[in-house]
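With the hints as a guide, bring the two chains together.
Protein chains in written order, with my numbering: chain A, 1 to 450; chain B, 451 to 583.
No lab work stands behind these hints: they were computed from the structure. This one's a predicted model, so the numbers in the text were calculated from it and none came from an experiment. From the three backbone atoms N, C-alpha and C, an ideal C-beta is built for every residue, glycine too. One thing to keep in mind: the hints can contain errors.
[To be verified] If you want the footprint, here are the derived chain A segments under chain B, 3+ residues with CB under 8 Å:
#1 38-46
#2 348-358
#3 437-444
[Stated by the list, open to error] If you want the ones that stay clear, here's a sample from chain B, every Cβ over 10 Å from chain A, calculated:
#4 Tyr489
#5 Ser491
#6 His493
#7 Leu499
#8 Thr519
#9 Gly524
#10 Glu575
#11 Phe577
#12 Cys582
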Amino acid sequence: MELCISAIDFKTLQERLFRPAPDECAAFLATETAGSRIVTRSMQVFDGQAFERSAHGELSLSEAAQVDALATLKRDGHGAVEVHTHPGSGMDAAFSRFDLEQLPAFARYVQNKLPGRPYGALVLGEAGYEGIAITESQEALMLRIVGEQSAIPSWLSSGRPPASSPPPMNERRFDRQIRALGPGGQRKLRALRIGVVGLGGTGSQVAQQLAHLGCDEVVLSDSDRIEATNLHRLAGSAWWDPHFRRKKTSNGRRLFTRVNPSSHAIATGHLRTMRTLEWLKQVDLIIGCVDNEGARLILSELAAAYLIPYLDVAVGIERTDKTRVGGRVAFYLPGGPCIACADDLDFEEAAEDLQDESLRRIRVERGYARDRRVEAALMPLNTVLAGMALIEVLAFATAIRHVRPFARYDALTDQITAQHVAVNQECPVCQPAYGMGDRQSIERYAFADR
Amino acid sequence: MHPRLTEEWPDIVATYPDAAHRMPPERVELTIELDAVTYCSPHTPIAVLIPAGYRVAGPDGFLVPNGLTMTGGGALPASDAAGIGMPGWLLVSFHMVDSNGHTTWRPTADPHRGDNIIGYIASIEAFLARGCN
Chain A
1 MELCISAIDF
11 KTLQERLFRP
21 APDECAAFLA
31 TETAGSRIVT
41 RSMQVFDGQA
51 FERSAHGELS
61 LSEAAQVDAL
71 ATLKRDGHGA
81 VEVHTHPGSG
91 MDAAFSRFDL
101 EQLPAFARYV
111 QNKLPGRPYG
121 ALVLGEAGYE
131 GIAITESQEA
141 LMLRIVGEQS
151 AIPSWLSSGR
161 PPASSPPPMN
171 ERRFDRQIRA
181 LGPGGQRKLR
191 ALRIGVVGLG
201 GTGSQVAQQL
211 AHLGCDEVVL
221 SDSDRIEATN
231 LHRLAGSAWW
241 DPHFRRKKTS
251 NGRRLFTRVN
261 PSSHAIATGH
271 LRTMRTLEWL
281 KQVDLIIGCV
291 DNEGARLILS
301 ELAAAYLIPY
311 LDVAVGIERT
321 DKTRVGGRVA
331 FYLPGGPCIA
341 CADDLDFEEA
351 AEDLQDESLR
361 RIRVERGYAR
371 DRRVEAALMP
381 LNTVLAGMAL
391 IEVLAFATAI
401 RHVRPFARYD
411 ALTDQITAQH
421 VAVNQECPVC
431 QPAYGMGDRQ
441 SIERYAFADR
Chain B
451 MHPRLTEEWP
461 DIVATYPDAA
471 HRMPPERVEL
481 TIELDAVTYC
491 SPHTPIAVLI
501 PAGYRVAGPD
511 GFLVPNGLTM
521 TGGGALPASD
531 AAGIGMPGWL
541 LVSFHMVDSN
551 GHTTWRPTAD
561 PHRGDNIIGY
571 IASIEAFLAR
581 GCN
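For reference, chain B alone in the conformation it holds in the complex (with noise of 0.2 Å):
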């Protein structure tokens, strides 16, 4: 396991009890619960790749299975992942970027403060509650 995961893993299986960490590529696994009027799901495995210069480099998107559209059948803002050996699931386009375009990424030494993968999945069930806005 990346060492700064190893540092957080207690605080994200707390957080998130069924969180897996698999690898390759080095990922974390979890449930997330989803707006029934807005998915075709009322929850959905979410896979968040770990990239090797964590926490300097924060995740770049996060994963979702094939399968996963809003209700209606509209599709997510995602493309294949195939190429990034992830297939069967989609990635999703989710920047933690400001207006110019610049990361808002902003990570400590501490584990508990700054940007930490806790922060970046809650980021995540914000962006799907607002229906990937």
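Bound-form chain A, shown alone (with noise of 0.2 Å):
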């Protein structure tokens, strides 16, 4: 069984348990099920109180620290991994004969004051570690650290394996960009399981860069079928592809098996559907180039509960009083701040974009919702914001450099911009919702009839 935490809870965990060192210290994850994982949500380290010595010198958590620490999982439903360190261990991180002489006792009593949920053991070291998790069995508990590349400690691989050994790499294929990326920066590249939501103008030109990359694992996620006027901005696109009334999932993964016959491009359809929600949480990496607000919404949810880097992307054109053309590009590594936190989420369009048809309808009559515009569109621009996704994209996997998680591009004074935004506490989206897994109901989203 996977733990998954993200890089920065990780960190933070890492620096307060190993603070009290050559002592040990302990914490605990307050953690959910996410299908077959299990996601951190939040952490309580013990402070040096909350220990006792045993007559033979072995640290423990004390009965009233236990206590109270399990009352507060217990009060907000959730599951408890204990972390305890084991400092001097290096990467020789293992559980001692007093931790598994311990520990079925232990867990019984957890279990038994979180029946229902999933209960692990891990111990660190500086740079490895051990853990168990039991279920109806004991298993092996296997941490997964996410975020970008370069915040993840050395010893631990952020990549999931591929599902299937992967054929050889053809190194001719890649030759040029092995020489920039290094041969682990495109093995990291190749073991990403990617979803990209909307395969429009932006969308078809980020799935066509991540075929010639080498991401062969994707799904791709668009109801929409190609029309005449999609043809100026559809990368991959033919002319015949509006008469036969092709999709632009189908478009898309032409595009994958064009450069690797191999490719597994997995379509989906509406985002809004049970089958594209449930594929979505199993991808390492969501690129979202959607043109409505509530795709936002439901993809930055669905990130947060499962801990999934999402890369947003946004174009605009506005030909009103004062012209703009541009774009912007937002990072959402989990743990950090959201498109909302970046008040880049417009709350009243969401709201408009996910109402029931029906009573969007009631509202256009009453003159309280307008009917949507056709916005204008520039296949170069869609370009420059596929191509500064995709170079945070190798940011993220292979750490060419840190992940610049908010920038904006402006057509008109040719300029990029890098903005700084901090996680708000109080934000309505990434903050209820993380690493709250399958208790966030996300398939509430979904369509009944689809």
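Dropping the structure here:
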């Protein structure tokens, strides 16, 4: 079983747990089930007063501290993973004989207090760990740190192991790229399963670049079919596609199979279907190239709940009193600020986008909502934003530099401006959803009839 | 139950003991008192639909049973709700917007602060007390 924790939280956990070294220290992680994984929502690190020393010198958590911590977890409905340190063990961290003797009784005690919730134990060294998940049986608990490559300790790899062992890379195909990223960087890119939501002007170019970069495992979501008005900006499209009412996801898959016939491009259709939402819960990175705030809200919530990095790409052309042409790239790294923290999510528009169609019609009749207008679009603008996004994907996966989470592009002044955004503790999007896994009930967004 | 509604549910039941959670569509139903001079009944059930995007998206209008009228037979500003899966109910036009038509709904991460269902129901009570003005 995998225990996911954001790189931001893991750094805090590690710093606080090793502060009293050479003494041991311990923490409880508040966890939730997320499909076949466990995700970490929060942590409680115990201070020195919470420990008792046995006659043999081993430290253990006092009963009072245990009772308090478990009461909090029970009140909030979370599961628990107990973490303690073995300072000085370096890469060879392992449960001691004392730990293994205590573990079964402690596990029964916790499971009695938190029935039906996941329980696990983890021992951390400075550069290693050992974990046990206790469900109906005991199994290894594998630590998975979610974040940009440069934030992940070198002794842990970030990538999910490929479902099946991949065929050997065509070194010749990637020769120039490996010279830039190194073979390790290329492997990291290839190990990612990426979800691309929205395969229009921006999404089709993102898909095309992912295919060329060697990201062979993708989930493609879009429910639209190609129309004649799409051809001026849809990468990979052909003049006959509108005649055959080809789906945009089908165009996306074609982009992958042209470059690599053995790529795994899964087409899932509309975002608001159970199938798409289930697939997106299982990816390593979501790239959102959508044109509505409702979809951005769904993806932001899903990303926060399941600790999945989410890169949102937006383009816009406004020809009103003041012409504005540009866009922005926003990268949510779990534990960091989301697009709503950056004030880049219009709640009112999101509410309208997600409204039941019959309710929306009533609102339009009463003058409380407008019919959607057709937006202007230019392929070169999509190209710039898709390129900016893919540079961030390279930063995320291969650590060529740190991810720049928020950046805006102004085509009229030809400027890219990085934005500093802090986590908003009051954010109604990422804060309540963070690390809530299956309890976030993201399926509520799926249309009942699809 | 919607996860954000779950967070608010103990407060809702403490304030409105007859509150019930029903679905589909997901909603909160409860009874509120009415001014007997203004309405044909001294109390009425109401239903508030919970949007999928709640709390980011606030509720938009509320429902009363078909048959609730003003004293003298005047109709409430409402339309039939059968089309939204609530036959026998009327959807009352009640929107939390400012004079420019923009929403005044301001949610936070904390279920006890910012806009929430209890605050919304209080606004409905005030709206009905004003004779739907």
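Quick rundown of the hints versus the structure:
1. 38-46: Three-residue rule not met by the segment 38-46 of chain A, so violated; n is 0.
2. 348-358: holds (count 7)
3. 437-444: holds (count 4)
4. Tyr489: Non-interface label stands for Tyr489(B): nearest chain A Cβ at 22 Å, farther than 10 Å.
5. Ser491: 25 Å, holds
6. His493: Nearest chain A Cβ is 26 Å from His493(B), so the label holds.
7. Leu499: 8 Å, violated
8. Thr519: Thr519(B) is indeed farther than 10 Å from all Cβ atoms of chain A, at 20 Å.
9. Gly524: 19 Å, holds
10. Glu575: It holds; Glu575(B) is separated from chain A by about 21 Å at its closest Cβ, greater than 10 Å.
11. Phe577: 15 Å, holds
12. Cys582: 14 Å, holds
In this structure, the hints that do not hold are numbers 1, 7, in rising order.
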